[in-house]
Amino acid sequence: MSKGVAITGMGIISAIGNNVAENYDALIQEKKGISRISKIDTIHKDAIMVGEIDTTNEQFFKQLNLPEDNNYGRSALLGVAAAKEAVAHANIKDIVKYSTGLISATSVGGMDMTEQYYYKYLEDESLQKYIEGHHAGDSTQKIAQELGIEKSLVTTISTACSSAANAILMGARLIKSGKLDRVVVGGTDCLSKFTINGFKTLMILSDTYNTPFDENRKGLNLGEAAAYLVLESDAVVKAENKKVLAYVKGYGNANDAFHQTASSENGDGATLAMEKALKVAGMEPRDIDYVNAHGTATGNNDLSEGRALIRVFGEDLPEFSSTKAYTGHTLAAAGAIEAVYSVLALQHNIIFPNLNFNSQMKEFHITPQTQLKQKELHTVLSNSLGFGGNCSTLIFSKEA
Amino acid sequence: MSSNHYIQAFVHIKNETVSLHGNTLLAAPKTDFSTFSKTAYKELGTKYPKFFKMDRLSKLAFLAADVLLKNDKDPQENTAIVLSNRASSLDTDMKHQNTIADAANYYPSPAVFVYTLPNICIGEISIKHKLFSENSFFIFDRFNANYLFDYAESLLKTKKASKVLCGWVEVDAGNYEAFLYLVSDTGAIKHTIKEITRLYKL
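Chains S and R, in that order, give the protein sequences.
Everything in the first sequence is counted per our numbering, starting at 1 for the first residue and increasing by one.
Everything in the second sequence is counted per our numbering, starting at 1 for the first residue and increasing by one.
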């Protein structure tokens, strides 16, 4: 039974950078990745803003050495790019030397190709290859193949916006219980009409830059991204003399028992998730040095999450901020994106600002951290709250 | 796997009849599920207006769970829910498909769409009874007492739950059948695969 769950590698691609270093630079230079949409031809293009990655699918084919006739959708492309960076960063030369799994989260899967070609499938045989790529598990399988672990424990989690947090949670449990020595965990989601139209119908897309925890917030910006972390057991860390970036110290997942889509007004699920994570970590609220909030900038989330923060932390609430103003809400990838940012915060002892904040919410008195701040950090708590009340919290720490 | 747990209570809903522990609570005249579910809602005193927006599978699971949970003298917040069936949410999937099949009359309804997953019925039970607990929905070829037994025992033995609401809820092509049972520390019937199978067949 392994006690520590060490993070030994990270990879990320988002609207603010193609790798960990670029993401960190953008975070500290306060450069957002939000713009008008360019890669999807949608009737909503003038009504929404998104966090889009510049690289085209064709550029990814070259970068990843994929054959011309591949059937990759964009989620799989982003996923492979980020997962490969994570494995390289962890300095893994022989991935099958230890039993290594992959838990990947996605909500879009191959929907981007399905929505482009659905009506052509019956007539155009050359497009039928994308049917196989539609389901969520296909992107995971492609990543596993590219990493050379397709015969290992490979699975997909799709629990809306808490998906990647749950992938990390499940990976951490597999390491703790000794089922795996090493596991690549994270998530990937590309932009698609499916998500744009779905969120548009829910009337929670902002027509301008998203403003987390602001009284006048107008909703979220969707973003595309992928991020993966390499988790390793104490035994592997010791045997390979690995440099540990941080530890997954606590995790909690709870059901909000409120509504199929909305979060409860008082943040019941988020409160439970944070309490469970603190319990697993053996920590008190005052032990947390920074909270990377889910903070999607929707009316419902920020009120519900803010109330949950007050319920859990009371007077002990440390600095908190949402990084969604940088990247947009990257859905199933969000928990992994923010896990990478939480580890970067720990490594550099820095709190990333909650951009675009202007007016205090009137329902409560807590205010996000709006300036970049140096602070000695030992622990970061990160929330990922999903539709349907699937709420997850992760706690990262410098020390085991 | 041996068990120190008991089947505290069980309910059947089929053939226009609701029975608790094998005793008939309600026997309605032969009719379709929509009419029967309205009768059952009224006769069982279910006061919960959200009931009427649910799909058939959720209505069935909800009614059965409500009978069990409201008669439970020792309700536990940490009651897990493990349900199963054969047809998943096909009944509602087809209803949804019919709203998008005709390009000239294309109108998908979000109110229908949200029910195109079988585990939504677990959500409806959780929302009504404020259960923030573990839950899962499995699709099997037929009623699978072994699997439900193992799953419930594991939840109880690892202290993930203090009670487990288990069973079968099926709505398919006009047919419906629910058999739910509550596993806990107390009761008259031992929690065994044999007993689960016997009660299911009642």
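Take these hints with a grain of salt, some might be off.
[As the list claims (entries may be wrong)] Pulled from the structure, derived: some chain S residues nowhere near chain R, Cβ distances all over 10 Å: (1) T55; (2) K193; (3) K218; (4) L272; (5) L303.
[Said to hold, decoys possible] Using 25 Å as the maximum straight-line C-alpha spacing, the simulated PhoX-like pairs for lysine-lysine come out as follows: (6) R:K130 - S:K176; (7) S:K179 - R:K160; (8) S:K3 - R:K194; (9) S:K3 - R:K159; (10) R:K95 - S:K176; (11) R:K160 - S:K279; (12) S:K193 - R:K159; (13) S:K279 - R:K73; (14) R:K50 - S:K279; (15) R:K50 - R:K128; (16) R:K95 - S:K276; (17) R:K38 - R:K128; (18) R:K38 - S:K279; (19) R:K160 - R:K128.
The set of hints was computed from the structure by calculation and includes no laboratory data.
Predicted, not measured: the structure shown is a model, and the values here were computed from it.
Note that beta-carbon positions come from the ideal geometry of N, C-alpha and C, so glycine has one too.
Hint check:
Listed as outside the interface, S:T55 is consistent with that label: its C-beta sits roughly 33 Å from the nearest C-beta of chain R, beyond the 10 Å cut-off. Residue-level check passed: S:K193 sits 14 Å from the nearest beta carbon of chain R, beyond 10 Å. For S:K218, the non-interface assignment is confirmed: its Cβ lies about 21 Å from the closest Cβ of chain R, beyond the 10 Å cut-off. For S:L272, the non-interface assignment is contradicted: its Cβ lies about 6 Å from the closest Cβ of chain R, within the 10 Å cut-off.
Distance check for S:L303 against chain R: the nearest CB is about 19 Å away, which clears 10 Å, and the non-interface claim stands. Annotation: proposed proximity of R:K130 to S:K176 is violated, straight-line Cα distance about 31 Å (limit 25 Å). The straight-line distance between the Cα atoms of S:K179 and R:K160 is roughly 20 Å, inside the 25 Å bound, and the hint therefore holds. A threshold of 25 Å between alpha carbons decides the hint, and for S:K3 with R:K194 the separation of about 40 Å lies outside it, so the pair is violated.
Note on S:K3 and R:K159: the hinted pairing holds, with a Cα-Cα distance of about 20 Å set against a maximum of 25 Å. Restraint check: the Cα-Cα separation between R:K95 and S:K176 comes to about 44 Å, which exceeds 25 Å; the hinted pair is violated. At most 25 Å may separate the alpha-carbon atoms for a hinted pair to count; R:K160 and S:K279 meet this at roughly 14 Å. A hinted pair counts as satisfied when its Cα atoms are at most 25 Å apart, and S:K193 with R:K159 does not qualify at roughly 43 Å.
A C-alpha spacing of about 30 Å is found between S:K279 and R:K73, which places the hinted pair above 25 Å, so the restraint is violated. The suggested pairing of R:K50 with S:K279 is violated, with an alpha-carbon distance near 35 Å, which exceeds 25 Å. For the given pair, R:K50 sits about 9 Å from R:K128 by alpha-carbon distance, which is consistent with the 25 Å threshold. At roughly 39 Å between alpha-carbon atoms, R:K95 and S:K276 are farther apart than 25 Å, so this suggested pair is violated.
Proposed proximity of R:K38 and R:K128 is supported: the alpha carbons are some 18 Å apart, at most 25 Å. For the suggested pair R:K38 and S:K279, the alpha carbons sit about 44 Å apart, so the restraint of at most 25 Å is broken. Restraint check: the Cα-Cα separation between R:K160 and R:K128 comes to about 21 Å, which is no more than 25 Å; the hinted pair holds.
Figure legend: structure checked against the earlier numbered hints; hints not met, in rising order: 4, 6, 8, 10, 12, 13, 14, 16 and 18.
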